[in-house]
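Engineer: One-letter residues, chain by chain:
There are 2 protein chains.
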Amino acid sequence: MQSTPKGNRPHIAVFGRRNAGKSSLINSLCNQKLALVSEVPGTTTDPVYKAMELLPLGPVMMIDTAGIDDSGDLGEMRVKKSYEIIRKTDLAVLVIDNQVEFGKYEQKLLDNFNKTNTPVVAVINKIDLAFDKTEVVDKLQREYDLKPILLSAESGQGIEELRDKIAEKMPQDTEEAFIVGDIVNPGQTVVLVTPIDTAAPRGRLILPQVQTIRDILDHDGISIICKETELKASLAALKEKPKLVITDSQAFMKVAADLDEDILLTGFSILFARYKGDLEIFLRGAKKLAELKADDKVLIAEACTHRRQADDIGTVKLPRWLRSKVGSSLEFEHVSGREYPENLSDYDLVLHCGSCMLNRKEVLSRLREAEEAGVAVINYGMAIAQLHGILDRALKPFPAAYRLWQQQK
Amino acid sequence: MQSTPKGNRPHIAVFGRRNAGKSSLINSLCNQKLALVSEVPGTTTDPVYKAMELLPLGPVMMIDTAGIDDSGDLGEMRVKKSYEIIRKTDLAVLVIDNQVEFGKYEQKLLDNFNKTNTPVVAVINKIDLAFDKTEVVDKLQREYDLKPILLSAESGQGIEELRDKIAEKMPQDTEEAFIVGDIVNPGQTVVLVTPIDTAAPRGRLILPQVQTIRDILDHDGISIICKETELKASLAALKEKPKLVITDSQAFMKVAADLDEDILLTGFSILFARYKGDLEIFLRGAKKLAELKADDKVLIAEACTHRRQADDIGTVKLPRWLRSKVGSSLEFEHVSGREYPENLSDYDLVLHCGSCMLNRKEVLSRLREAEEAGVAVINYGMAIAQLHGILDRALKPFPAAYRLWQQQK
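Residue numbers (full-length UniProt numbering), protein chains in the order written: chain A, 1 to 409; chain B, 1 to 409.
A portion of the hints provided could be inaccurate.
Treat identical chains as interchangeable: a pair holds within one or across any two.
[As the list claims (entries may be wrong)] Only pairs whose alpha carbons sit at most 27 Å apart, straight line, appear in this in silico DSSO-like list of lysine-lysine: (1) K254 - K115; (2) K147 - K396; (3) K165 - K81; (4) K325 - K147; (5) K243 - K232.
No lab work stands behind these hints: they were computed from the structure.
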């Protein structure tokens, strides 16, 4: 049995000074010996990601930040590392050691949680030892509107309360976002065009395709899956025109040509721009893309580090298309995996992959950072649609975004 | 990006005495520092599984058996552990240390490779040190028909030859098995009925469904995916009857009732009995199932260790159905994950899960062991079909198996 995709699990990160009991708190939450618990401060040296079931929420990704704070205060490297984790954190748990002072470390974290709209649950741990934190409790309530949970990870006291508080504070949209469920009615048909290119490993479908099929099933729709070469046969097999056709962006051109104008057509990448990102921000990116000049500088960012094919979309095709349109002096920089430049203001445009491996919070953090640096950003699929002149058509299934795009152009 | 499912990757296990250079050989094969290499014998204590690309084969699962042989000869525990790995090994690499004797250890392994039809590539490692194994080379050729590759994992000499030999000796059927590709013609439609039950994690499809959709795409077919509640709407949307309907076995009854008799219907579990197991062996299991008596003893074996739901198929539903048919004194034993009893002859029937997490070789090993113990074996889905009287219909898409079943009944 496979589990819920990583990017689909709410990310819960546990912060706190060394030896505050982060790992044992995670153990207690999950009723299993997962994290390495030790009396020696700073046992783990890197954040540890662990996919698990956390009732009543269900599947989550738990992040143990042990090691980041090994000297007790928040040095520059540690600040950076913490903030990197907060960028993808849907909900933070801040563990305060009953025996240790509450100070700059906690305040800096709380300020960053506020700044990034990251909901937080505060916990005062080790209350099995003499409790002397009434002052901290007051301060948290007064300055941060937080009512900390008094807990002993050791004895289990307070764990149930923590579990419930996490479920209560978890943002709803990490659970209830639609891919196409909001525009497909029960019993309607959706054709999914999924080219099998040389990059597709044997025996599987790529994650956005699987998630889209599942979303259609969840909303009582009917999916028809075919390659671009069988699209005509698929349409011919149906009594009526499908409600919607969704294609991989690489086949956009061919599919748009094969399909009557009155059939709604969009791309997986546009669905995922909506589901995991922000269509409005990407539309500003599309405008910028249309206005790129010969000496501009473009950052191409890819969230995963897969082996590049000879005709790789990010490293080969997109630069080629863009240069043939704008001019060969167009400058490109590439980053992949966890890398993402701190200073984005050097770039004129960020071209980002579909982010199937990132959770929504991290995509939104990357978009926010681009906005703050005044840089436009667009994802691969929308860029391809725009470059090939079919973004208009691909936006029609989404009336609000379509109107916005028409006004903005 | 997701990778090829584990069960779909050819499994290559590297055997050899401690310090023969297994880990460094794997490193050299893969051009990356993957395994932990050390001068101290017996660095790793458990077999290490590593999914990787091995050119020219593609995605494989590499198994480093270090630690199993830490005392140099093959004690009983180590024999057992080695054989457990061989059960799932599609191809074995036996590393012989140029500096150490060739003896009982290697002979026992080679005999087991022979017995289990496991192809093997022999390697004499460390030939950068004085080479004195001509006698061993002769013996391997004479007694085992093996021409060992002379190799230095250290310098890289012989690595390319090893790579090619692995690709050459890898059994073809780990790569070319069909799920439905052999019975669906280009442009034909296949309806896949995929109930979304409470056990299905959010945002995904279970692996057999994904693999079936992919197999249909690979063979130019058209998949129509719906829940059992939208089956009628799906059929109504099509101009012609589909070539085939495939259902999750839990919805077999409802789907069979909703579907005209002249439409071919089968189950994912029957497809996977063919793809990963042996339909013929399972049909003998179906016969035994029909003849079960009140005091018989049934082993229920599940390959994964997922959390059990209240209405779990293996622990709740199947025992309930069987007892209501045969009598309440029917005895059940349950195993899950890697557990699988050595002595199967105590049981009258083995009921095995669909094995989506096992590779084909391990499923076939489990079946062979049952056959050798004289015990019938059947998988969940075929058992459900048989218990509900629809196995006949579910076999019709496969004429040879259907005939066999009619003769056998």
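Engineer: Confirm or reject each hint.
Structural biologist: Structure-based check of all given hints:
{"no.": "1", "hint": "K254 - K115", "in the structure": "neither (45 Å within a copy, 53 Å between copies)"}
{"no.": "2", "hint": "K147 - K396", "in the structure": "neither (46 Å within a copy, 64 Å between copies)"}
{"no.": "3", "hint": "K165 - K81", "in the structure": "within (26 Å within a copy, 46 Å between copies)"}
{"no.": "4", "hint": "K325 - K147", "in the structure": "neither (56 Å within a copy, 57 Å between copies)"}
{"no.": "5", "hint": "K243 - K232", "in the structure": "both (15 Å within a copy, 18 Å between copies)"}
In this structure, the hints that do not hold are numbers 1, 2 and 4, in rising order.
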